[in-house]
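So you can see what is in the structure, the chains are spelled out below.
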Amino acid sequence: MLRPFIASSMLGAAVGSLLAASVLFARAEGTPNTVFIDNFVFGPKDLTVKAGTTVTWTNRDDIPHGVASSNNAFKKSAALDTDESYSFTFATPGTYQYFCYLHPHMVGSIVVE
Amino acid sequence: MSGFDDQNGVSRRKVLECMTWCGTGVLWTISGGVPHSLGIMGEAQAADTKGLTFLQISDSHVGFDKPANPNALGTLEEAIKKVNALPQKPAFMIHTGDISHLSKEKEFDDADHVISQSRLDVHYVPGEHDLIDPDQGKIYRERYGKAANGAGWYSFDANGVHFIGLVNVVDLKAGGLGNLGNEQLEWLESDVKSRSASTPIVLFAHIPLWTVYQDWGWGTQDGAQALSYLKKFGSVTVLNGHIHQVMQKVEGNVTFHTARSTAFPQPAPGTAQSPGPLKVPDDQLRKMLGIANVSFKQNEHRLAIIDSPLQG
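Each protein sequence line maps, in turn, to chains B and G. Going by the numbering used here, the residue at position 1 of the first sequence is 1; the numbering climbs one at a time, nothing skipped. Going by the numbering used here, the residue at position 278 of the second sequence is 1278; the numbering climbs one at a time, nothing skipped.
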């Protein structure tokens, strides 16, 4: 949590802004099939993809999180430590609600078209 | 001194004020029925605690190495040294979960090695961080839960006080809070049914059994159901961890209390964008970590809790 703040205080303002820039770039590039976990929130909370897309969740918090389907519709992830990722390929159209099985107030959905 | 007993000269307000800034441990004294805090741990020496005294530690997160505390094992060691320096040796210790950060064998090994230096019996309940090995809690259950039921719940008696360790970190539901589940609730109901209403009850679990802050998931969705089985008892004390800060409330016959972590602080509810490790200046960290000492006195209907920071 508060990663940009911590990063800039640790690495100095110059490196911090480089990091922030690359994060922004990654976000812009990654949006179609990527979900980031920041500050106990899935972002984007609701993601729409085409059938056959591999969705990747990446945890950027200092606390582990997990990804689990709310109705066991897809395989749950192992616990993701900081900067670890989990990917799942959604072959079948539908709406897939999911949550963090460690912090269940964190919820999101993948809509597969 | 006895925190909630105005006759002894310490008002509840004063104790609560104290709790907002005293940090490390909670010393509990149980006296017949209603729990109360003694104040900070240093003041415990003045207390006449002839009954039972036990210790609570919580949220060791051994293996955590992020900026909020790069050495969680080191601060656990400091906490155990503080325990060993207590003027009155506690009868035993309870650990209210998140022993490890990632449920790794080495993390549990390291935690056990340090905690065993207290030479106290330790009664554990798991936090969600203790059940994230590939086998979903197998390591925890083999180490700490062999004599327990289900995912690790159990009860025991000490000095006439009935202790109940509950597990509210498994089978969590989307959008929900901590969860006990029907099997455990039924077990709890039968565990307390035949006990006399004058038996002091101490209930401990990782996530707070009452809703501290719903937006951050700091509560247990079926916690009220559990407490409904305890209505007949004159003294119920609920001890939790998970939120890494001291919080207390009294509701009828029930006193709720959360202990500090020995690893890192978390923000007060709603004061940050989210929960999680709170990075504070290095010289502040040990003021926000700690242990808790709890005492029970016969015939006093009081349970005293002393929260002590590692420093300050």
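FYI, nobody ran anything at the bench for these hints, they're computed from the structure. Every residue gets a Cβ at the ideal spot worked out from N, C-alpha and C, and that includes glycine. Honestly, I wouldn't trust all of these hints.
Covered stretches of chain B, as calculated for chain G (at least 3 residues, CB under 8 Å) [to be verified]:
1. 49 to 56
2. 69 to 83
3. 94 to 100
Results of checking the hints against the structure:
1. 49 to 56: Violated, because only 0 residues of the stretch 49 to 56 of chain B bring their Cβ atoms closer than 8 Å to Cβ atoms of chain G.
2. 69 to 83: Answer holds; 5 residues pass the 8 Å Cβ test.
3. 94 to 100: It holds: at least three residues are needed, and the stretch 94 to 100 of chain B offers 3 whose Cβ sits within less than 8 Å of chain G.
Checked against the numbered hints given earlier, this structure breaks only hint 1.
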